[in-house]
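> Residue numbers (the UniProt record's numbering), protein chains in the order written: chain F, 1 to 157; chain V, 1 to 131.
Honestly, the hints are just simulated from the structure, not real lab data.
Even glycine gets a Cβ: it sits at the ideal position worked out from N, Cα and C.
Hints may contain errors.
[What the hints assert, rightly or not] Derived coverage of chain F by chain V (criterion: at least 3 residues anywhere in the stretch with Cβ under 8 Å from a Cβ of chain V; other residues may be distant):
1. 13-27
2. 66-75
3. 78-86
[To be verified] Straight-line Cα separation of at most 30 Å, DSBU-like style, residue types lysine-lysine; simulated pairs:
4. Lys89(F) - Lys73(F)
5. Lys97(F) - Lys133(F)
6. Lys121(F) - Lys125(V)
7. Lys115(F) - Lys131(V)
8. Lys114(V) - Lys121(F)
9. Lys131(V) - Lys41(F)
10. Lys41(F) - Lys114(V)
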Amino acid sequence: MDIASKTVTFRELIEQVNNTIQSPDVGRLFAVIHLRGNQRKVTTEDIIIVNGDFPPTVGERIRLEKVLMVGGKDFSLIGRPLLSRNVVKVEATVIEKTLSNFRVSFNYLNGKNYKRFKGIKNCQHLLLLHQWKIIPSLIGYCCSSMKHSIVISNRMT
Amino acid sequence: MNMRQTKRSENKKNKEETSKQPRLCRHTIQRIANSPIHSQSDGTENEPNRTPMVAMTPDDSTIVCWHPEPTFPYEYTKPLPTRKDKDLGMGDSVLKVEHHRDYMERYRTRGPSKKELAAMFYTSKHQWFPK
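Next up, chain V with everything else stripped away, as it sits in the complex:
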C-alpha cells in the first residue's frame, strides 16, 4: 500500500509540474515565444539559428515565425520494433513473407478500412458507412 501511495503522490507531483509550464495560447504571441524549447543534449539550442523566434514586421502586416525542427539526440532513440517471429522464421522458407500475409488477410475486404480512411481524410468514421 505504501508503495502505491508513493507512486500516486509522484504522479500528482508530475501533473502539477506539467500544469505549471506555460501552454500554447492563441491569443498572444508572447506566450508562444515563452514556451519551452525541446531539450537537447548536443548543445544545438545554443546556436543562434536553432532558437525559435517570433517577430512582427514594422508595418504590422506579417508575423514571421522561425521554428527550426528540433534535432533529437541519437543516444536517446529507440531501435525500430522487430518483426514478428513468424515473419522472421520465413526468411529461409520458400514461402515469402508477403504471401504469408496475403494468406492471413485473404478474407479482409480490399482497400483501406473505415478507420484508415477516417485517419487519411481527418474525419470521423461515420462518413465512411453507406447511407
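Isolated chain F (complex conformation):
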C-alpha cells in the first residue's frame, strides 16, 4: 500500500461521485438538515413542520444552512459536522402558518378545590423543500489541492 495508489483511488472516487452528481439518473437525493434544534432526514418535495417561533413569513423562500449530510443511491457526503455552503444548497418555502391540534392540560388536586382546565395550541409552520443541488466543483477543488488525503478502502492493495 503506497502513497501513489492511495491518491489514484482518491481521484477515482472523486471522479465517480462527481460523475454521478452530474448524471441525469442520480435519482432522488436526501439530506439531513438541522432546523431549530431538530435534525431531520428530508428529500425533495417534502413538507416539514416547524414548531414554535419561526420568523420567516408565508411565501418566503429560505435557505437551510445547516446541512449535515447529503446523499443519493450511490454516494453520500458527510459534513464534519456541517457541509460547506458551497457544496450544497437546500432551499425551502414557507407555505403555511397554522396552529397545532387542540391539546388539553387539566390539573386537579384532590380535596383542595383546585381545578385548572387549559386548551393548548402551538404555532406550526409548514415548509416545502425544493429540489437541491450539489455543486461538484468544490469536491473537485479538494482533489486538486491534495496534500494528505486519507483514503480508506477495502480494495486498496
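With chain F's structure known, arrange chain V on it following the hints.
Frame of chain F; chain V shown alone:
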C-alpha cells in the same frame, strides 16, 4: 436426538461465524470500509466503480462515501408470491377480484390501520390511539 444435537451445534457454529465478521461501527470510518461487500457471482465487485469506498477531503471538511447499490444475480432470485387460489379462480368470473376484496373487507374501518400508520410515520402504535 442425535440429529437435533447436530443441528444445534451447526447453529452455534453459524452464530460464531457471524459474530466474527466486522460489524458497522459509528466511531471509526475504517471499520465501515473494512466491512465485507455483498457477495456477487457475476463479477461486478471486481469493477472499480462497484467497490465501496470512503475518503476524507484534504481539508478534513467532508467525508465522501461511495456505496453503489449491489446488483443481485438473477439466478438467486425467487419468483413473486402467487395470488391466493380464491382470487385466481375469479379470473373468468363476472365478479371482479377487487369487488370480492371489498366484500371481504366491508366491516373494516376506512383508511390505514394503526399499525400501518405507525409504519408510515416511523412511530410506535401508541401515537394513533385517541387520547
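> If a hint holds in the structure, say so; if it does not, say that too.
These are the hints, each one checked on the structure:
As drawn, the stretch 13-27 of chain F meets chain V at 4 residues by the rule of a beta-carbon pair under 8 Å; at three or more, the given contact holds. Only residues whose C-beta sits within less than 8 Å of a C-beta in chain V count toward coverage, and the stretch 66-75 of chain F has 4 of them, enough to reach three; the restraint holds. Against chain V, the stretch 78-86 of chain F contributes 5 residues with a C-beta closer than 8 Å to a partner C-beta. That satisfies the three-residue criterion, and the hint holds. This hinted pair checks out: Lys89(F) and Lys73(F) have alpha carbons roughly 19 Å apart, not beyond 30 Å.
The suggested pairing of Lys97(F) with Lys133(F) holds, with an alpha-carbon distance near 27 Å, which does not exceed 30 Å. Distance restraint check for Lys121(F) and Lys125(V): the Cα-Cα separation of roughly 23 Å lies within the 30 Å cut-off, and the hinted pair is therefore satisfied. The hinted pair formed by Lys115(F) and Lys131(V) meets the criterion: a straight-line CA distance of about 20 Å does not exceed 30 Å. Proximity of Lys114(V) to Lys121(F) is assessed by CA-CA distance (about 24 Å); at most 30 Å being required, the pair is judged to hold.
A threshold of 30 Å between alpha carbons decides the hint, and for Lys131(V) with Lys41(F) the separation of about 28 Å falls inside it, so the pair holds. Simply put, Lys41(F) and Lys114(V) have alpha-carbon atoms about 23 Å apart, close enough for the 30 Å limit, and the pair holds.
When held up to the earlier numbered hints, the structure conflicts with none and fits them all.
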